[in-house]
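**Q** So you can see what is in the structure, the chains are spelled out below.
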Amino acid sequence: MDNAFSQPQTVVVLGGSSDIARAITRKLCAERTRTVVLAGRDGTLLERAAEEARDFGATKCPVVLFDATDPLGAEAAVDQCFEAAGGQVDLVIVAVGLLGNQERDQVDVDATLAMMNVNFTWPVAALTRVRTHLLDQGRGRILVISSVASVRVRASAYLYGGAKAGLDRLAGALADSLRGTGVQLQLLRPGVVRTRMTEGLAPAPFTTGVNEVADVVMKGLADGRPVIWSPPLLRYVFTALRHLPGPLWRMVMDR
Amino acid sequence: MNRQRLTGWGRTAPSYAHVVRPSSDEEVAHWLESSPVIARGLGRSYGDAAQVGGGVVLDNRGLRGMGPISPDGVVSVGAGLSLDEVIASALPQGWFVPVTPGTRQVSVGGAIAADVHGKNHHRDGSFGDHVLEMHLVTPTGERTVSPTVDPDLFWATLGGMGLTGVVTRVTLRLMRVSTDRVLVDTDRFDTLDAVMSAMVEGDDSYRYSVAWVDCMTRGRSMGRAILTRGEHAESTESSPLLRAPRSALLKVPFSAPPGLLNPLSIRLFNEAWFRKAPRQRREESQTLGAFFHPLDGVADWNRLYGPRGFVQYQFAVSDAHADTVVKAIHTLSESGVPSFLAVLKRFGPGNSGPLSFPMAGWTLALDLPVGPARLPGVLDDLDDLVADAGGRIYLAKDARLRPERLRAMYPRLDHFLEVKNRVDPEGHLTSDLARRLLLS
Chain A
1 MDNAFSQPQT
11 VVVLGGSSDI
21 ARAITRKLCA
31 ERTRTVVLAG
41 RDGTLLERAA
51 EEARDFGATK
61 CPVVLFDATD
71 PLGAEAAVDQ
81 CFEAAGGQVD
91 LVIVAVGLLG
101 NQERDQVDVD
111 ATLAMMNVNF
121 TWPVAALTRV
131 RTHLLDQGRG
141 RILVISSVAS
151 VRVRASAYLY
161 GGAKAGLDRL
171 AGALADSLRG
181 TGVQLQLLRP
191 GVVRTRMTEG
201 LAPAPFTTGV
211 NEVADVVMKG
221 LADGRPVIWS
231 PPLLRYVFTA
241 LRHLPGPLWR
251 MVMDR
Chain B
1001 MNRQRLTGWG
1011 RTAPSYAHVV
1021 RPSSDEEVAH
1031 WLESSPVIAR
1041 GLGRSYGDAA
1051 QVGGGVVLDN
1061 RGLRGMGPIS
1071 PDGVVSVGAG
1081 LSLDEVIASA
1091 LPQGWFVPVT
1101 PGTRQVSVGG
1111 AIAADVHGKN
1121 HHRDGSFGDH
1131 VLEMHLVTPT
1141 GERTVSPTVD
1151 PDLFWATLGG
1161 MGLTGVVTRV
1171 TLRLMRVSTD
1181 RVLVDTDRFD
1191 TLDAVMSAMV
1201 EGDDSYRYSV
1211 AWVDCMTRGR
1221 SMGRAILTRG
1231 EHAESTESSP
1241 LLRAPRSALL
1251 KVPFSAPPGL
1261 LNPLSIRLFN
1271 EAWFRKAPRQ
1281 RREESQTLGA
1291 FFHPLDGVAD
1301 WNRLYGPRGF
1311 VQYQFAVSDA
1321 HADTVVKAIH
1331 TLSESGVPSF
1341 LAVLKRFGPG
1351 NSGPLSFPMA
1361 GWTLALDLPV
1371 GPARLPGVLD
1381 DLDDLVADAG
1391 GRIYLAKDAR
1401 LRPERLRAMY
1411 PRLDHFLEVK
1421 NRVDPEGHLT
1431 SDLARRLLLS
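Protein sequence lines correspond, in order, to chains A and B. Take the first sequence: its position 112, counted from the start at 1, is 112 in the working numbering, and no numbers get skipped. One rule links them: number in the working numbering = place in the second sequence (from 1) + 1000.
Worth flagging that the hints you see were computed from the coordinates, not collected in a lab. The beta-carbon is built from N, C-alpha and C at its ideal position, and this holds for glycine as well. Incorrect hints may have been included.
Said to hold, decoys possible - Calculated Cβ distances over 10 Å to all of chain B for the following chain A residues:
id	residue
1	3
2	5
3	55
4	76
5	104
6	109
7	239
8	245
9	249
Said to hold, decoys possible - Partial chain B-side listing against chain A, Cβ under 8 Å, derived:
id	residue
10	1005
11	1047
12	1289
13	1290
14	1294
15	1374
16	1376
17	1400
18	1432
19	1435
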């Protein structure tokens, strides 16, 4: 149960082995989280994340396997996670995502579809099922990990940014539709974070580590703001970038 | 059915449930076939005790009716009546409730579920100590229980947070009074030590006693306090005045903006409160309402805490661990977490309820607005302090305890769970609080 300070006790993480999700899980377990269901593709990585969660105070860490390139499997995966939690789920973190390789993926229809499935279609299918479970509970929260890349999609990463933009807008409106139900959805829009996913990318301004993101998330979960920016300053940076005239935008962002 | 958003008095951790209002034992029994289900009275528990997300919440306000008062003060009342309603009809006949918490706006059923206490606990015990018998509807049938008939179930229900069944009717013993007034002695103390010594020495000679402690001052005046103690005023007139307390004159119309209650405003309030008290005053005549329920004068005062709400932290420790009270006030005062005047009181011996809160010694209650980032951690540390001292926190106030801390505080928890399991083997009765603390 969430307590008076909005600290969850039972959490489901879809994409539980991602570096950002693991950092958030560690902080949640250090506070109140005792049951954390870790779901994802790689059993070995998930077991490692489960062990880490236990080190930080979790007592029950079941692992659920799914393949995010197959949206038809999302419903069963979510049901399995709620089953494994064995009670009411306080928080569902949707951390599924794939950065891909634009140069390679943009000439390959299968790769393009995989990018859409992992970053958009699977998470949306999962959200549909999560929504039903949480409405039945009469309470619960969802944290959807979007990206600042969704705010204005860059030419050099239009597959990733475009899919995230779809997820971001859809989830934002889903959040609005859930008002007055006891279910709350929050969006996380991180900037570039040093993770396995971004290894080898050219350094970008406002790059942070995963622990800084997790700290910002903990604050955002406590106060319930609809959109959590990490670092917080990016809210203003991207509000400005979003309104740049096209030529200027292309000059700044797509050199 | 009617789907509603429910929270406790602290307005934290909301959940939605179907709210129904049964008005007979049969209707209660019918609703107990559904799961999960919990009863709710007037929603004065501070945390998540009287709500169950996604389930059925039985509003007990349909369980009404009050029988005649016998010459020795015994009366049968519907569990959905509020203490306000009981007092309104009993007081003009010369009877008062034997125990009243800081508000009249609790239902009789809720008073039993939390086994509430008042300013006279050191003399008269808790609410349950004046219950002769109660009728309980459980998922496995109805029964009337008392200290002699199924005592295990009777005591588990007192303080059992509604988890053993729904109380529908209660037989109580009222207290004889000859006026509607209390004679109050007030003393102001500059230090916590001074007020605690005065309470240890003098409380036994008063029926009612409570101290307000300022947790916002540091250094020399840390823990300065106002002690008020009283006795029912006696009258020798043949037809004394016995008027029931008035209802609230003021109302907080909407939720205050966040931050209205901040360290500065609370410090100013506490300062004013302290300064307006006389250093010493004797036998001031106050109405029962003014003495027992000062906050009932302002309806919905909990809205002053703003949209994020507040928590109340209340713990009890034995006399041997009186230093825990000092440490707790010191910890809060040092952490800079804002807290309204804290309430300090002496407890007499507890009763046989495995989850009943009072235990001989001290109890301290603090109102704390949700918001400061360090507050959750400060309260977790206080839990450790209290548990290590063999003390406990009050479930009717709780909204944030860690489940693993509960067993140390209530060593007879397993006995409670056994009794609950006997009358509710399928676990229909649960609440958000029970889920959080793994009580079901």
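**Q** It remains to establish, for every hint, whether it holds in the given structure.
**A** Hints, one by one, checked against the model:
no.: 1; hint: 3; in the structure: 4 Å, violated
no.: 2; hint: 5; in the structure: 4 Å, violated
no.: 3; hint: 55; in the structure: 17 Å, holds
no.: 4; hint: 76; in the structure: 22 Å, holds
no.: 5; hint: 104; in the structure: 44 Å, holds
no.: 6; hint: 109; in the structure: 43 Å, holds
no.: 7; hint: 239; in the structure: 24 Å, holds
no.: 8; hint: 245; in the structure: 38 Å, holds
no.: 9; hint: 249; in the structure: 37 Å, holds
no.: 10; hint: 1005; in the structure: 6 Å, holds
no.: 11; hint: 1047; in the structure: 6 Å, holds
no.: 12; hint: 1289; in the structure: 30 Å, violated
no.: 13; hint: 1290; in the structure: 30 Å, violated
no.: 14; hint: 1294; in the structure: 24 Å, violated
no.: 15; hint: 1374; in the structure: 11 Å, violated
no.: 16; hint: 1376; in the structure: 4 Å, holds
no.: 17; hint: 1400; in the structure: 4 Å, holds
no.: 18; hint: 1432; in the structure: 5 Å, holds
no.: 19; hint: 1435; in the structure: 5 Å, holds
Hint check: violations occur at hints 1, 2, 12, 13, 14, 15; the rest are consistent with the structure.
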